[in-house]
Amino acid sequence: MKHPFRRGLALSLALSLTLWLVAGALSAHAADAPRKYAVLSLIGDSLTLVTHRPSVGTRVDPNIRDTVALSDPVFDDTVLLAAEQALLRAAPAAGAPALLSTSGPTAYAESQRWINEQKFTAPAWLDAALKADRATHLLLVTKHRAEVRIQFVGKMMGVGSLEGLGYFIDRQTVTLRSDTGAQGIGYLAPYAYFRMALIDLGTSTLLGQQLVTATRGISGADSKDGLGPWDVMTDADKVSYLKQLLGREVEKVVPALIKAPS
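The sequence shown runs contiguously to residue 507 in the numbering used here.
The hints are simulated quantities; they were obtained by calculation from the structure and are not laboratory data. All figures in this text were calculated on a predicted structure; none of them were measured in a lab. Treat the hints with care, as some may be off.
[Unchecked claim] Straight-line Cα separation of at most 20 Å, DMTMM-like style, residue types lysine to aspartate or glutamate; simulated pairs:
#1 483 with 362
#2 364 with 445
#3 281 with 496
#4 376 with 445
#5 488 with 408
#6 504 with 445
#7 483 with 408
#8 483 with 322
#9 376 with 362
[Claimed, not checked] Ranges between beta-carbon positions, derived for each pair:
#10 377 with 416: 14 to 24 Å
#11 335 with 419: 36 to 46 Å
#12 419 with 453: 36 to 46 Å
Here a beta-carbon is modelled for each residue, glycine too, at the ideal position from N, C-alpha and C.
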């Protein structure tokens, strides 16, 4: 006859082992289950024209900034469509992502506070949208502020800082066209400075992020009417160029972000 204590211990160990195996199976199933992505872009509410001003001595900001509010979500839509295409290629099992739109203009500023110490806190409107779409992971694109680094014919130029989307103008620096070697005064540089964060919605945890500081300098030598670097492209071309720059960067960082170890 088995001792009651030993019989109880055996039952307890068996129960613990069963629970451990079940928990492991559930964990493995959750890890193997395909993700359902949602994408939200909060960088396209404005464009900033940043003009370098040469100075003697120091200033808090060596640049003049003019910001134009945008009512058309053309740039946020560019992010969403580029992210969708990148996800369909990099994670086909996840299916088409849910493409989200903001609840209003205040979300652009508020989004900077949604992630704190690796934890994500969604506002009520976003939480409801994510649950309605049954999303398991969120790709959140917000503005990023960093030093000016204008890519120009193999070197970096510019001073100060940039954030979000816009155009940097230098009207004094002598520049050359890379293809013809023609000399010009100044340059125009479309820029896209943003952060893409990957969030596990089950744990409200930041899994990873990519910081993007994309620019491209265009020599004032390209000016057709002699009006300076702002004239190197038409207004329509400025928008088109920035959309292409933004789309390329989004398509580049999405695969790296979702495949990184979490």
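Structure-based check of all given hints:
no., hint, verdict
1, 483 with 362, "violated, 37 Å"
2, 364 with 445, "holds, 10 Å"
3, 281 with 496, "holds, 18 Å"
4, 376 with 445, "holds, 13 Å"
5, 488 with 408, "holds, 16 Å"
6, 504 with 445, "holds, 13 Å"
7, 483 with 408, "holds, 18 Å"
8, 483 with 322, "holds, 17 Å"
9, 376 with 362, "violated, 23 Å"
10, 377 with 416: 14 to 24 Å, "violated, 50 Å"
11, 335 with 419: 36 to 46 Å, "holds, 43 Å"
12, 419 with 453: 36 to 46 Å, "holds, 41 Å"
The structure shown violates the earlier hints numbered 1, 9 and 10.
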